[in-house]
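Protein chains: 2
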Amino acid sequence: MNYNVAPLTKLINEFSRLPGIGKKTAARLAFYIINQPKENAEEFANAILNAKKTVHTCKICQNLTDKDICDICSDEKRDNSVILIVENTKDVLAFERTGEYNGLYHVLHGVLSPLDGINPEDLKIKELLARLNNTEVKEVIMATNPTVEGEATASYISRFIKPMGIKITRLAYGIPVGGDLEFADEITLSHALEGRHEI
Amino acid sequence: MNYNVAPLTKLINEFSRLPGIGKKTAARLAFYIINQPKENAEEFANAILNAKKTVHTCKICQNLTDKDICDICSDEKRDNSVILIVENTKDVLAFERTGEYNGLYHVLHGVLSPLDGINPEDLKIKELLARLNNTEVKEVIMATNPTVEGEATASYISRFIKPMGIKITRLAYGIPVGGDLEFADEITLSHALEGRHEI
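The listed protein sequences correspond, in order, to chains A and B.
If you read the first sequence in my numbering, its first letter stands for residue 348, the second for the next number, and so on.
If you read the second sequence in my numbering, its first letter stands for residue 348, the second for the next number, and so on.
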């Protein structure tokens, strides 16, 4: 005989569908929810429904927003002559945390990866090109990740932008601040050497 | 200016309130939810609401159930002369997985821990004693964890059960199967030595 409590098993299964959450963690989280006051569980469930209902991509930069046009795109103080291209929303947040960048963004929502079946039409490339055609952009900064897929995506997109006469730049490679030379891989080190500058 | 998307921030905060989920994992989970089809997010939210609404403690053994009396307590094939006392529902599942135990359970929902403000009245001890008074139980197996709090709880409860003339047993201590003697702590090893048996 199986003594499973159906609604509990269902909740555990739902948690274990989340990325990086195994069966044991899922059970721990489900039991935590059960032991919480009713209001907390309802708040959690409503946060999920509400986020899913109201959050969508910005019409211009494709970043996630709950408005028609996101706060960054609609901020008149930002420099709309520069667009920084990133893979996803988390990268936007990373650049925003630096407080150093005052231009706009474009979120691709992924990188080209033919092996995983991710082709150009799956990314927001069409939207980017339409945007570049219709606005006065002077520089596009390619800030996809320094991975094989990120590089391939950057060079694929560059091919379409170059004929438009827009300046295309790529983030600098080098050793990370606080990093240890001993553990830096050789490719990073050669890039760091190549990109050396006078002090 | 703050570019936070309120519903997304709210969802990240809700996730990060879960035990063992930090800010970064919470953000990863929230983005995962946003990228899921609407139906999946709704199913997840409903699983939370439904589990919270329907799952409660069994009137008899205090284990979690969605019925009035849980499947174990209402199973006539089980031996109702033995009660195994555990700290929480997960321990019940652990014993059920062995397939070796056919008696009933009693879930305390915690252990005595005066430093954390957990006193006898916070555990399901009253319910246990009432149950023992009203039924024909021959043996009570103390299966609280082999920790200081678990031991203290077991001996606290034993004091009330002994006068009833019910046999009280404790789980055997020893080296875990597949364990390495080299890494066993001295207390476990002395228990294993003490409890040795002829082969």
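Everything labelled a hint here was simulated from the structure, so no lab data went into it.
Given the structure is predicted, the values throughout are model-derived calculations rather than measurements.
A hint or two may mislead.
Identical copies look the same in the list; a pair holds intra-copy or inter-copy alike.
To be verified - Below, computed lysine-lysine pairings styled on BS3-like, alpha-carbon distance capped at 30 Å: (1) K371 to K406; (2) K400 to K514; (3) K437 to K406; (4) K385 to K357; (5) K424 to K406; (6) K437 to K514; (7) K400 to K357; (8) K514 to K370; (9) K437 to K424; (10) K473 to K485; (11) K424 to K514; (12) K385 to K509; (13) K509 to K370; (14) K385 to K400; (15) K371 to K437; (16) K485 to K370; (17) K414 to K357.
The hints, checked one at a time:
1. K371 to K406: Result: close only across copies, 27 Å inter versus 40 Å intra.
2. K400 to K514: Neither, since 38 Å and 58 Å both go past 30 Å.
3. K437 to K406: within (18 Å within a copy, 47 Å between copies)
4. K385 to K357: Both, since 18 Å and 18 Å are each at most 30 Å.
5. K424 to K406: Close inside one copy (19 Å), not across copies (63 Å); limit 30 Å.
6. K437 to K514: Classified as within; 25 Å inside a copy, 60 Å across copies.
7. K400 to K357: both (23 Å within a copy, 13 Å between copies)
8. K514 to K370: For K514 and K370, neither the intra-copy (49 Å) nor the inter-copy (36 Å) Cα distance is at most 30 Å.
9. K437 to K424: Within one copy only: 22 Å inside, 55 Å across.
10. K473 to K485: within (19 Å within a copy, 75 Å between copies)
11. K424 to K514: within (22 Å within a copy, 78 Å between copies)
12. K385 to K509: neither (57 Å within a copy, 38 Å between copies)
13. K509 to K370: Neither, since 49 Å and 39 Å both go past 30 Å.
14. K385 to K400: both (22 Å within a copy, 8 Å between copies)
15. K371 to K437: both (27 Å within a copy, 10 Å between copies)
16. K485 to K370: Result: close neither inside a copy nor across copies, 50 Å intra and 36 Å inter.
17. K414 to K357: Answer is between; shortest inter-copy Cα gap is 16 Å, intra-copy 33 Å.
Violated hints for the displayed structure, listed by number in ascending order: 2, 8, 12, 13, 16.
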